[in-house]
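Undergrad: Residue numbers (my numbering), protein chains in the order written: chain G, 205 to 466; chain D, 205 to 466; chain P, 205 to 466.
Any given hint could be a false lead.
As the list makes no split between identical chains, a pair holds if one copy fits it or if it spans any two.
To be verified - Listed below are the simulated DSSO-like cross-link pairs for lysine-lysine, each with C-alpha atoms no more than 30 Å apart in a straight line:
| id | residue 1 | residue 2 |
| --- | --- | --- |
| 1 | K402 | K288 |
| 2 | K426 | K288 |
| 3 | K217 | K402 |
| 4 | K288 | K356 |
| 5 | K356 | K281 |
| 6 | K356 | K426 |
What the hints contain is simulated information worked out from the structure, not anything from laboratory work.
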Amino acid sequence: MRRITFLTDFGTKDGYVAQMKGVASSISDARLLDITHEVSPHNIREGAFILWATAPFFPLGTIHVAVVDPGVGTERKGLIVTTKKQILVGPDNGILLPTARLLGDFVVYEITNPKYMIHPLSRTFHGRDIFAPVAAYIARGVPFGEIGTPTKHFVDLQFDLGEHHGDRVVGEVIYVDRFGNLITNIPCDILPGEVEQKKITVVAGDRRWEQIPFVSSYGYAKPGDLLFTIGSNRFLELSVNQGNAQQILGINVDAELQLFFS
Amino acid sequence: MRRITFLTDFGTKDGYVAQMKGVASSISDARLLDITHEVSPHNIREGAFILWATAPFFPLGTIHVAVVDPGVGTERKGLIVTTKKQILVGPDNGILLPTARLLGDFVVYEITNPKYMIHPLSRTFHGRDIFAPVAAYIARGVPFGEIGTPTKHFVDLQFDLGEHHGDRVVGEVIYVDRFGNLITNIPCDILPGEVEQKKITVVAGDRRWEQIPFVSSYGYAKPGDLLFTIGSNRFLELSVNQGNAQQILGINVDAELQLFFS
Amino acid sequence: MRRITFLTDFGTKDGYVAQMKGVASSISDARLLDITHEVSPHNIREGAFILWATAPFFPLGTIHVAVVDPGVGTERKGLIVTTKKQILVGPDNGILLPTARLLGDFVVYEITNPKYMIHPLSRTFHGRDIFAPVAAYIARGVPFGEIGTPTKHFVDLQFDLGEHHGDRVVGEVIYVDRFGNLITNIPCDILPGEVEQKKITVVAGDRRWEQIPFVSSYGYAKPGDLLFTIGSNRFLELSVNQGNAQQILGINVDAELQLFFS
Numbered sequence: 205m206r207r208i209t210f211l212t213d214f215g216t217k218d219g220y221v222a223q224m225k226g227v228a229s230s231i232s233d234a235r236l237l238d239i240t241h242e243v244s245p246h247n248i249r250e251g252a253f254i255l256w257a258t259a260p261f262f263p264l265g266t267i268h269v270a271v272v273d274p275g276v277g278t279e280r281k282g283l284i285v286t287t288k289k290q291i292l293v294g295p296d297n298g299i300l301l302p303t304a305r306l307l308g309d310f311v312v313y314e315i316t317n318p319k320y321m322i323h324p325l326s327r328t329f330h331g332r333d334i335f336a337p338v339a340a341y342i343a344r345g346v347p348f349g350e351i352g353t354p355t356k357h358f359v360d361l362q363f364d365l366g367e368h369h370g371d372r373v374v375g376e377v378i379y380v381d382r383f384g385n386l387i388t389n390i391p392c393d394i395l396p397g398e399v400e401q402k403k404i405t406v407v408a409g410d411r412r413w414e415q416i417p418f419v420s421s422y423g424y425a426k427p428g429d430l431l432f433t434i435g436s437n438r439f440l441e442l443s444v445n446q447g448n449a450q451q452i453l454g455i456n457v458d459a460e461l462q463l464f465f466s
Numbered sequence: 205m206r207r208i209t210f211l212t213d214f215g216t217k218d219g220y221v222a223q224m225k226g227v228a229s230s231i232s233d234a235r236l237l238d239i240t241h242e243v244s245p246h247n248i249r250e251g252a253f254i255l256w257a258t259a260p261f262f263p264l265g266t267i268h269v270a271v272v273d274p275g276v277g278t279e280r281k282g283l284i285v286t287t288k289k290q291i292l293v294g295p296d297n298g299i300l301l302p303t304a305r306l307l308g309d310f311v312v313y314e315i316t317n318p319k320y321m322i323h324p325l326s327r328t329f330h331g332r333d334i335f336a337p338v339a340a341y342i343a344r345g346v347p348f349g350e351i352g353t354p355t356k357h358f359v360d361l362q363f364d365l366g367e368h369h370g371d372r373v374v375g376e377v378i379y380v381d382r383f384g385n386l387i388t389n390i391p392c393d394i395l396p397g398e399v400e401q402k403k404i405t406v407v408a409g410d411r412r413w414e415q416i417p418f419v420s421s422y423g424y425a426k427p428g429d430l431l432f433t434i435g436s437n438r439f440l441e442l443s444v445n446q447g448n449a450q451q452i453l454g455i456n457v458d459a460e461l462q463l464f465f466s
Numbered sequence: 205m206r207r208i209t210f211l212t213d214f215g216t217k218d219g220y221v222a223q224m225k226g227v228a229s230s231i232s233d234a235r236l237l238d239i240t241h242e243v244s245p246h247n248i249r250e251g252a253f254i255l256w257a258t259a260p261f262f263p264l265g266t267i268h269v270a271v272v273d274p275g276v277g278t279e280r281k282g283l284i285v286t287t288k289k290q291i292l293v294g295p296d297n298g299i300l301l302p303t304a305r306l307l308g309d310f311v312v313y314e315i316t317n318p319k320y321m322i323h324p325l326s327r328t329f330h331g332r333d334i335f336a337p338v339a340a341y342i343a344r345g346v347p348f349g350e351i352g353t354p355t356k357h358f359v360d361l362q363f364d365l366g367e368h369h370g371d372r373v374v375g376e377v378i379y380v381d382r383f384g385n386l387i388t389n390i391p392c393d394i395l396p397g398e399v400e401q402k403k404i405t406v407v408a409g410d411r412r413w414e415q416i417p418f419v420s421s422y423g424y425a426k427p428g429d430l431l432f433t434i435g436s437n438r439f440l441e442l443s444v445n446q447g448n449a450q451q452i453l454g455i456n457v458d459a460e461l462q463l464f465f466s
């Protein structure tokens, strides 16, 4: 069984997502699944992060359609990216690239064959008219080279990782989830040894919080207390047990964090 | 494979949509898909618009269940509407009619046979107790005439279209999407020739915006600039590139617009 | 065909739900359906209510995964609960118990076998790493006793029901839905005879509303008027026709209500 997932900034009210699924259903019996449709409007980087965090959990051969597309209808290209494990489809604005690199051995195709698009082709909704049908034709077994042309020219996007600067670890907040957990770009494998014995001081701009414990999960801090933990993406997260760290600390995506361990 | 879609104003929090899907799943193995559950509460016209814009993209034979139903449990009837291509199921309040007319050759049945309803039949949730099971029995091949009775009496609903008044085109905003795009009821085929060479002045009440360009897609205006474009429904839309036209202009659904082309 | 449903407080933005579905899809071809992901963060009782109201509508053999899990990563156990009709999977915090009791003949297993978990096992996301894969292995036919161990020790949770106190019926609001309907814990079968002929006075704290009609559905009250009706869960509900009773009355979940019938 083939599976197609959808990730967009379309929301779920307007019927746009359902139009994409209707088109895909008209071409293929692949199982259709949602990753999210709540990406902040036009936020390519946020969409790229959620795709990167989620795609690896899907089976071999899954086709992911990711459409955050402020450049729709201009000269920006549409892409198929094949990888060792899964296939990515979406606009050429970088949204697919962190996932492509993570999944490995990727090859980029520019979508060129109008035969696999919906006509009349709208200028404002390529998610429905190009990316959904292309994904569905791939699910039916149409070869990549029949739909597009290999290309070395595409918009790239990378996530920087936090790193050591002398006695500090410096990183940034790359995502804030529904619970207000501040997900940093600091991979768990660069933390100092015996981190679970240490307290952490965090500095963000001219603000500073001291003696934050590192715990293995939320429930090991008191309700309402700050804590650091390793999140489900294997990155360091700053959280409040049964509370919302974003609201309590007033910290947001892109905030730079400096961490001192003692 | 048969497909059933669901369109409601139930939201996705309360479990009501899942109850409908549970009932349908107990009767049929049809694939279940969402159109939207975020129709503004009790807004039949909005639900009718989203169904009308979305249903045509689904495959032949799809069954659409649309439930925006402030009259539930009163004497209002329940309907099956067959068309040339797809089948519609829902309350008799007009929500199905614009789509029925668009899909063509429609016949209306009143749902009458209690054998295809859930018992005890609630008075407040016919989506679960009548419309979902009726759709699932249709998916299983039960004939329409076994479930209901053909009728000529039903509540109608039509979308007016914008039109020429002398030198102006007059229309209204029929829908505002997540991005704040103002979708008008002005079909692209009544726009003046060479519209892409013209600037448009728009008057709404006592307010007026001049020299708005007509572009083929958002990205051809500067970020933050007003623009007109042909939306994915083939209607004229008033938008802001990477911004929210609804918020910036303070215009909402039902606002009358007068357009002057120069 | 096997079906797995998902109920969480994760929201639909962050990709967490999709990660659970990706994991389940990698193990089993069961059909995946959503109950809700909008449970108020950490609100076990609310999740338990929605599961209890919804699960019975699903087919025999459905597997429900319910994850509202503030204790994730601590010593709290993970459970499989088998019942006469369906199977429940989730954390040991009571969320599964009202539904287990409703479905009947339930047996509780503690999930113990790491072979059916995802590794490396995160400490903060057992929905993805334990409950989703366990549900998928159950769908594939792995015996309960192979995944876990029967136990008599688990956290219980019950919903109290409203009851008669002399001339009054006393109950509380157990849920408020999207429409602002106040769902009480007063079962319809304890209401006085000929309730549809009576007017109801309701007292909440030091506030009082008199002469509220009991009607069979919303449409039998005037738009904007208060009404009592039997909701789709067979409980008494306090509503406003085409309005929001929660906002108009300022009453919320857990409010105690005293009802006088005249």
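Undergrad: Could you work out which earlier hints the structure fails to respect and list their numbers in ascending sequence?
TA: Going through the list in order, the structure violates hints 1, 2 and 3 and respects the others.
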